[in-house]
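Enquirer: What follows is the residue order along each chain.
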Amino acid sequence: MRLYDLATARSGDKGNHANIAVLARSAQAYEFLRHYLTPQRIADYFATLSPRHVQRYEAPNLLGLNFILYDVLAGGAARSLRLDSQGKALAVALLEMEIPETTSSI
Amino acid sequence: MSTPRIRVGNGCGFWGDQPDAPILLVQHGQLDFLTLEYLAELTMSILAQQRQRDARLGYATDFLEVLERLAPVWNSQPNLRVITNAGGLSPVACAERAVEILRQQGLRKRIGVVLGDDILPRLDDLLASGHVLAHFDTGEPLQHIRNRVVTANVYLGAEPIVLALERGADLVITGRVADASLTVAPAVWAFRWSWQDYDKLAAATVAGHLIECGAQVTGGLYTDWHTVPDLWNVGYPIAEINADGTVCILKPDQSGGLVSVDTVREQLLYEVGDLSAYLTPDVVADFTSLRLRSLQPDGVEIAGVHGRPAPETYKVAITYRDGYICSGQIVVTGRDAEEKARLCADIIRQRLRRAGMEPEQYYAELLGAGDTVPGVWPRTQPCEIVLRITAWDRRRTVLERFAREFAPLVTSGPPGITGYATGRPPVREVFAYWPALLDRSAVRPEIHILET
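For the record, the sequence lines run as chains A and B. When we follow our numbering, the leftmost residue of the first sequence carries the number 1, and every step to the right adds one. When we follow our numbering, the leftmost residue of the second sequence carries the number 1001, and every step to the right adds one.
It is possible that some hints are incorrect.
[As the list claims (entries may be wrong)] Quick look at which bits of chain A chain B covers, simulated, 3 or more residues with Cβ under 8 Å:
#1 2-14
#2 28-37
#3 60-68
#4 76-85
#5 93-101
By construction, these hints were calculated from the structure, which means they are not laboratory data. The C-beta atom is built at its ideal place from N, Cα and C for all residues, glycine as well.
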């Protein structure tokens, strides 16, 4: 199973930081992801982008988790040397995350 | 008995959005207000360059094309009002051109121009009187890069737009304002909300945030894209705002796309931070308080938004010169494309080093092999790869030399290189972004009125 099976997602930029919103497909999936998708797990997944810090915000009313990945855009929209200088590809990349079947039971 | 309500449609999510969208939205949206949003974080620096070349420029010229096409439709919908931040760095110049266009088309309209966001002329006075304009993330004082600053604009709120509407403006042209404020203003004006009606201001802010990026809330970008019908004909969003502060997100009948709880949730969390504190100059909106309800066939109702007083500071967007950048591409095909692409990147770097022209920053991406998000995509063995190399340096000459190193690979690199038909990649000046805060008391918005 991959994260896509449990959630939708959308990503974008704020200066040199990126945000990735993860929206669970069910209340049950939200409860699981709240425990499973820790800021550390997100930081590890995007380790090659060297996030300085990952902050997570929660919106239970939307079954949503919002992750801010600090300083992952190599300078931001105008200054970055990377093609994806605005973090547009991060959401679809995160949705490919493998979720161990045994941990989710969803 | 019906509640008083207004319909605000956004026909443009950024400078470069679909040219037909504003017209289609006005034709099919039964709008009271059309908003058009043109200014991304860095658009101001592009406008500054244009104004440097021609003093009559400095605004989003696309808007004038929209206005020309809109005029005949506007004639048949005389009560429609248009609110746009197309003014960029030169709202007055933009408004003067708009007056000419409307006159040519025989439309009698009043135009309100919002000024006061551009603090560049006052920058030294502000610094001298103790406003540090420190970098929002690093705390570095602006003084360190003062001589390289190109633009400096405060994100104004809805208040000056409301003043323009009160003075009878049919068209309001602003420079930098918070995107959501383009939507908050008509609601405040139409319903005579007070600036202390925090929950209602927050509801209109949510509406504005949802529609500000155009089709992103009506099916664009949506994860389950395969469920979105007729994306080619995607309808642009309409926020139906009720006097009691409830909001419905809709799209025109007969248009493609999708408005569902899922498309709305995704866009609500687009480019935001703390979900309990979405900061604008008008109000602090709490996204964790609201409720979404599906309306058939294509709509979502939003209720229960909570708001708190706006911050004591305005956000300021500053851009400054920061060296030069150049990005070139070639296509590497055949067996071992990845190894050959890496070799090409190395060849260019070595040749630049030999010439004493190695850029300060040099970055190669193998597109097709997973480098858009390096280290995350599973690696494959593609038979073709777009090799993209980007370099940055303080010296333009270094990058001009860099730009000349792509073509020679066709004859002096490994076999199977193609796709070099677009010529030398251009060297661009970089305008970096410097976010800061400024006390509200240091800013005084002004309204100018023009008549056609």
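Enquirer: Hint by hint, say whether it matches the structure.
Expert: Hints and how they fare:
For the segment 2-14 of chain A, the assignment as covered by chain B holds, since 7 residues bring a beta-carbon within under 8 Å of that chain's beta-carbons and 3 suffice. Remark: the segment 28-37 of chain A is not confirmed as covered by chain B, as 0 of its residues place a Cβ nearer than 8 Å to a Cβ of that chain, below the required three. For the segment 60-68 of chain A, the stated coverage by chain B holds: 7 residues have a C-beta nearer than 8 Å to a C-beta of that chain, and at least 3 were required. Counting residues of the segment 76-85 of chain A whose beta carbon lies closer than 8 Å to any beta carbon of chain B gives 8, which reaches the threshold of three, so the coverage claim holds.
Note: the segment 93-101 of chain A has 3 residues with beta-carbon separation from chain B under 8 Å; the three-residue rule is met and the coverage holds.
Consistency with the previously given hints fails for number 2 only.
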